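Chemist: Below are the chains, spelled out letter by letter.
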Amino acid sequence: MGLVDAQPAAGRPLMQVSDLGVTFQTSRGSVRAVSGVSFEVRESEVFALVGESGCGKSTTALAVMRLVPPPGRIDSGQVVFDGVPLLDLDEDAMARVRGKQISMIFQNPLVALNPVYRSAAQIEEALLLDQIPRDRAWKLAVGVMGDVKIPDAPERALSYPHELSGGMRQRVMTGMMISRSPRLLIADEPTTALDVTIQAQVLELLMDIRRRTKMSIMIITHDFGIVAETADRIAVMYAGGIVEQGGVLEVFEQSGHPYTRLLMRALPRLTKEEGRLETIAGHVPNLVELPSGCTFHPRCPLKRDACLIERPTVREVSPGHFVTCHYPEV
Amino acid sequence: MQSRDASDLVVLDRAQKHFVITKGLIRRSHRAIRAVDDVSLSIHRGETFGLVGESGSGKTTLARLIPRLTRLTGGRVSFDGRDIDTVGGSELTRIRRRMGIVFQDPASSLSPRATVRGSVIRPLQLQGAGAREAAGRLLETVELVNLGPELLERYPHQLSGGQQQRASIARAIILRPELLILDEPTSALDVSVQAQILNLLLELQREFGLTYLFITHNLSVVRYMSDRIGVMYLGKLVEVGPAAELYARPLHPYTAALLSASPPQTPRLRQRRKFALAGDPPSLIDPPAGCHLHPRCAFTRDICRQERPALRAIGLARFVACHFAEQLALQVGD
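The listed protein sequences derive, respectively, from chains A and B.
Just so you know, my numbering puts 139 at position 139 of the first sequence, and the rest follows in order with no gaps.
Just so you know, my numbering puts 278 at position 278 of the second sequence, and the rest follows in order with no gaps.
Hints were generated in silico from the structure; no laboratory data involved.
For clarity, every value in this text was computed on a predicted model and none was experimentally measured.
Warning: the hint list may mix true and false statements.
Distance windows between CB atoms, simulated [unchecked claim]:
{"no.": "1", "chain 1": "A", "residue 1": "PRO115", "chain 2": "B", "residue 2": "GLY89", "range": "42 to 48 Å"}
{"no.": "2", "chain 1": "A", "residue 1": "GLU278", "chain 2": "B", "residue 2": "ARG132", "range": "38 to 44 Å"}
{"no.": "3", "chain 1": "B", "residue 1": "ARG113", "chain 2": "A", "residue 2": "LEU128", "range": "49 to 55 Å"}
{"no.": "4", "chain 1": "B", "residue 1": "PRO288", "chain 2": "A", "residue 2": "LEU128", "range": "39 to 45 Å"}
{"no.": "5", "chain 1": "B", "residue 1": "ARG27", "chain 2": "A", "residue 2": "ASP152", "range": "27 to 33 Å"}
{"no.": "6", "chain 1": "A", "residue 1": "VAL116", "chain 2": "B", "residue 2": "ARG113", "range": "37 to 43 Å"}
Derived pair list, reagent style DSS-like, types lysine-lysine, alpha-carbon separation capped at 30 Å [as the list claims (entries may be wrong)]:
{"no.": "7", "chain 1": "A", "residue 1": "LYS214", "chain 2": "A", "residue 2": "LYS149"}
{"no.": "8", "chain 1": "A", "residue 1": "LYS139", "chain 2": "A", "residue 2": "LYS214"}
{"no.": "9", "chain 1": "A", "residue 1": "LYS139", "chain 2": "A", "residue 2": "LYS149"}
{"no.": "10", "chain 1": "A", "residue 1": "LYS100", "chain 2": "A", "residue 2": "LYS149"}
{"no.": "11", "chain 1": "A", "residue 1": "LYS214", "chain 2": "A", "residue 2": "LYS100"}
{"no.": "12", "chain 1": "A", "residue 1": "LYS100", "chain 2": "A", "residue 2": "LYS139"}
{"no.": "13", "chain 1": "A", "residue 1": "LYS149", "chain 2": "B", "residue 2": "LYS274"}
{"no.": "14", "chain 1": "A", "residue 1": "LYS272", "chain 2": "B", "residue 2": "LYS274"}
{"no.": "15", "chain 1": "B", "residue 1": "LYS274", "chain 2": "A", "residue 2": "LYS214"}
Glycine included, C-beta positions come from ideal geometry on N, C-alpha and C.
So here's chain B without its partners, still in its complex pose (with noise of 0.2 Å):
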């Protein structure tokens, strides 16, 4: 579907995961949460990708799959042209240092019981670094991240918001990983805290040619930092493009619905053109036919209730799933 070349890091290839419920003791009833469904997508070396998408949407599965975190039901997830899902253990670890996550709330990379040393440190130590090899690199590592080296002995509860990101993200970047995923790193902080963290990321990317999986729900953020954009809505990928291009013309409906729907950035665009969605998202586990939107959209036809489209190419380097994509004028006007 899209081209896949040396270029690419990360290839996603029809990509699935379902988790299976069970429900009843006697009755069994055996459905599926179709969490991510049928992806594929690629991430080229040294690019900023954005995934955006509501809550359930899939993002932060889509996100697991690459390390393994979660095991795929269907499809291939590849790193660097291995393919994630059959290599073995050893293979697999390998693989794993040359990633780096950080998620939103730092506490989950930061033990509360260990110092910021003791956690930036671990992946040196897990690999069995040496001890002067490893403090070495643990300085060079909070000094790119501009933490100072009198926080190394402090526990996470003794540092501020910014500072416990900027840990994680020393943790997730000191094995010098080529891919860093980031989900929602900046959600949970202040505006002027989130310029500070969103600075740092750039200069990391550049200083090291990093490539960046940057999830996040805040549009403005997202189209701040990255190359192209993937827009996910129950589970399946509605539209990729250039982040300035998917800006100025959305293709799909939901991303028009998302681009509206996210608050302006200065009071003379609240009367922008408004692309509403009826209702709330439906559940995972019996979606809609046809396209997953048509209950929510305001240009459904027939078509829409009954084939589900597929995401397929419009121009060189943009793809949409939408049966009238080319029809639509959906521009939100900025």
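So that you can see chain A by itself, here it is in the shape it has in the complex (with noise of 0.2 Å):
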């Protein structure tokens, strides 16, 4: 994997979003979990929303999949895949879409996989889906196993996820996951709760899939160190709106967003010798009263008269590039 891939792919679109927005009702109000948000994820490309804990990025995750748990409902918007308008279609059409079009997978696999399933049955399953004999079916089902790079796959396929370590769960949950060929494998903090020379494998793994598969991965993660390990574009989002997208350099070394340079600024790089880290005054605002203006002007170091006011719309800074503030860095 070099810096080549770090380029924005010149791929053709697979998934467009634009203006998504899902509300919780609850008891103390609407909650504008995300709103206004656009973006698209092209062919084999790898795609990272990121952002800080309660941002919108897993809502905005699980809209795409139609999966937004009541009392959300999906009011604004439309997700358009491969040309197909997902919003538009029946459940059971859209039933069909996931697992076959675009799957999922996520931090915790013991709660996707079935404790009493063996784990090559956990994919024969998904493969039993698209009408595939029962006698192949497990045959592929074991193949997949060593596509995931599980050693002796055979001899582990019978084992249950109790069995597993972390690090095998996370694959025999992506191998039941890619099995049937998605055109978009969506990975929800895919490696949170692994050892970092576990999560290093399943990163490579996932970039391995990219590059036999061309299958793109939308990448959903608080961590900078991930999106600069495999991301070819990102979106960084705050209080459910994304505020800057671009390619991974543009984003990482020329942020125009006053929020995304104080993040990258508040990881620790180097030793204290060097300087403090940088914070961000204040806190996440409540998502029942979002600040009027700008969401980010109560925090924003640089904000003037018109961030309190007036709404930023979204600003093409360079090529691809796209800051949502109304003097962005340039």
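Hints in hand, dock the two standalone chains.
Modeler: The structure is reproduced here in structure tokens:
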């Protein structure tokens, strides 16, 4: 994986999300978890959606799958996947998209794995949905276990999830999700519970799958290190909206939004002798009562009058690099 | 092994903690989990000693040996020259007052049924401090950790993650200890909040000359905070050295593997040299013979399968447990 990979891929758009909004109706009022979110995922690229807790990144991923749990509701926007408007499909048609066209892996594989099924049976179950005969499906499932780099696959095929290590479980779940060759794999914090050496193996596996199958991967994470390691393009979220998106190098090195810049300087890079870490004043706003104007203005060191009143629009500061700020740094 | 003088606040000398597990009713078998196995190290007064390693490497068990929250099964641990394992109850209490602990999950040091005031002031009450003295010290301490006094009457669930961690730090330093054991203090926090807590810890250290034992799996955080770093693998200390040198040129293949597996700080470091390890960490019950790392190490030779390498000095400040440390060139590139 070289730096060439870090350049924005010239691929055709596979999925276009426009003006997506998700609201949760709660007893304390309506919570605008996602609002005005637009981005695209291109063919065979790694796209990262990054942000701190509560910024709406996981809700965005669930909305793409139309799996927002009640009382949440998608109340605006559209998701067009390979030309098909997903939000207009009936439930049966959407069920056929999930797993076949778009599939998703989660932070905790035990949630997705059935504790009483042997590991290859979990993968086999996914394959049976494609009307593959049972005798072939098991063989294919064991083959998929080899694809996700599980050593001694024929033997591990018989293991139950509790007999596997965390890294192996993550591989089995990944195998289950890629077994039907979806065009897009959404990975929600896929390595958060894993140790660094195992995390490196799982990320390497995802990159390897992308190389071999040309599958697009959308990674949801809070960890800028994972973004730096894997993404071609990224979108940074804050308080339910995207504040900046573009090629990974542009966003890391020429951050246009004050929030992105502050986050970059809050990461410990060298040693304490080389200076204090930057902090961001205040705290993440309450989604029930979002600040007026720009949602970041109460914490922004560069705010001016317009920021308090007017919601900033998306500006393209350089080709393919978008910043939602009245006064982007260029 | 390492120099022992008045500047050392904590000294571990071949410290060992084996947990015995008994299996079977009829044919009983006793086997040991070697959580901490023959570890020697010293922590100097006023320094930050970072301890890194993956889950199950024994770093938390090692930290628990220092305040004797876990008893040793071999070797010695001393604090300011006193042997922790043999001191009597009242002296142990006096020694423990000189240490504070902050855990990853603030819920483990804050009671859900007590207000912040109640939790933070508790160590002072246990010590029998008078009400007025305690109240004064409480206000002084919450100000030190930048916790607004208006939060004192709240319960932990009413606080943000960062505020909870500030409250646990306040509780840990209210007796003005000399040593703070920080076990993954920022691992559950968002980047911007993590930065606030790390800055706070550095300020407190400067103000009170605190000594820190900083345990984490985050290699950027430990490099930022530490003067010296120790690396643990399967209950063993495999490398110790000054932070900058250890990062610039790791001596142990496991250290190199950890550094290269750690996600980079910029996309430009994707092409760094990588030292991969084969497979998963083995069980602590039957660790591999010879060097514990040999089944996963790319540089294994015959001697590694047979002979366990001892932690030995290389140069003035560095220690490594690898037969071939001098011959491997392990820069990850930065």
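Chemist: All the hints need checking, so say for each whether the structure fits it.
Modeler: Evaluation of the provided hints:
In this structure, PRO115 (chain A) and GLY89 (chain B) meet the distance hint of 42 to 48 Å, their C-beta atoms being roughly 46 Å apart. For GLU278 (chain A) and ARG132 (chain B), the hinted distance range of 38 to 44 Å is satisfied, since their beta carbons lie about 40 Å from each other. Evaluation of the 49 to 55 Å hint for ARG113 (chain B) and LEU128 (chain A) yields a pass: the beta carbon distance comes to about 51 Å. Checked against the hint of 39 to 45 Å, the pair PRO288 (chain B) and LEU128 (chain A) passes, with Cβ atoms roughly 40 Å apart.
Between ARG27 (chain B) and ASP152 (chain A) the CB atoms are about 29 Å apart, so this pair conforms to the stated range of 27 to 33 Å. With their beta carbons about 38 Å apart, VAL116 (chain A) and ARG113 (chain B) fall inside the hinted range of 37 to 43 Å. A hinted pair counts as satisfied when its Cα atoms are at most 30 Å apart, and LYS214 (chain A) with LYS149 (chain A) qualifies at roughly 18 Å. Using a Cα cut-off of 30 Å, the hinted pair LYS139 (chain A) and LYS214 (chain A) holds, with the two alpha carbons roughly 23 Å apart.
Only pairs whose Cα atoms come within 30 Å are accepted, and LYS139 (chain A) paired with LYS149 (chain A) is accepted, the gap being roughly 16 Å. Of the supplied pair hints, the one linking LYS100 (chain A) and LYS149 (chain A) holds, its CA atoms being roughly 22 Å apart against a limit of 30 Å. For the proposed pair LYS214 (chain A) and LYS100 (chain A), the alpha carbon gap of about 15 Å is at most 30 Å, so the pair holds. Pair hint LYS100 (chain A) plus LYS139 (chain A) holds up; C-alpha atoms about 20 Å apart against a cutoff of 30 Å.
Of the supplied pair hints, the one linking LYS149 (chain A) and LYS274 (chain B) holds, its CA atoms being roughly 18 Å apart against a limit of 30 Å. Under the criterion of a C-alpha separation no larger than 30 Å, the hint pairing LYS272 (chain A) with LYS274 (chain B) is consistent with the structure, at around 26 Å. Between the alpha carbons of LYS274 (chain B) and LYS214 (chain A) the distance comes to roughly 24 Å, so the proposed pair stays at or under 30 Å and holds.
The structure fails none of the hints (numbered hints given earlier).
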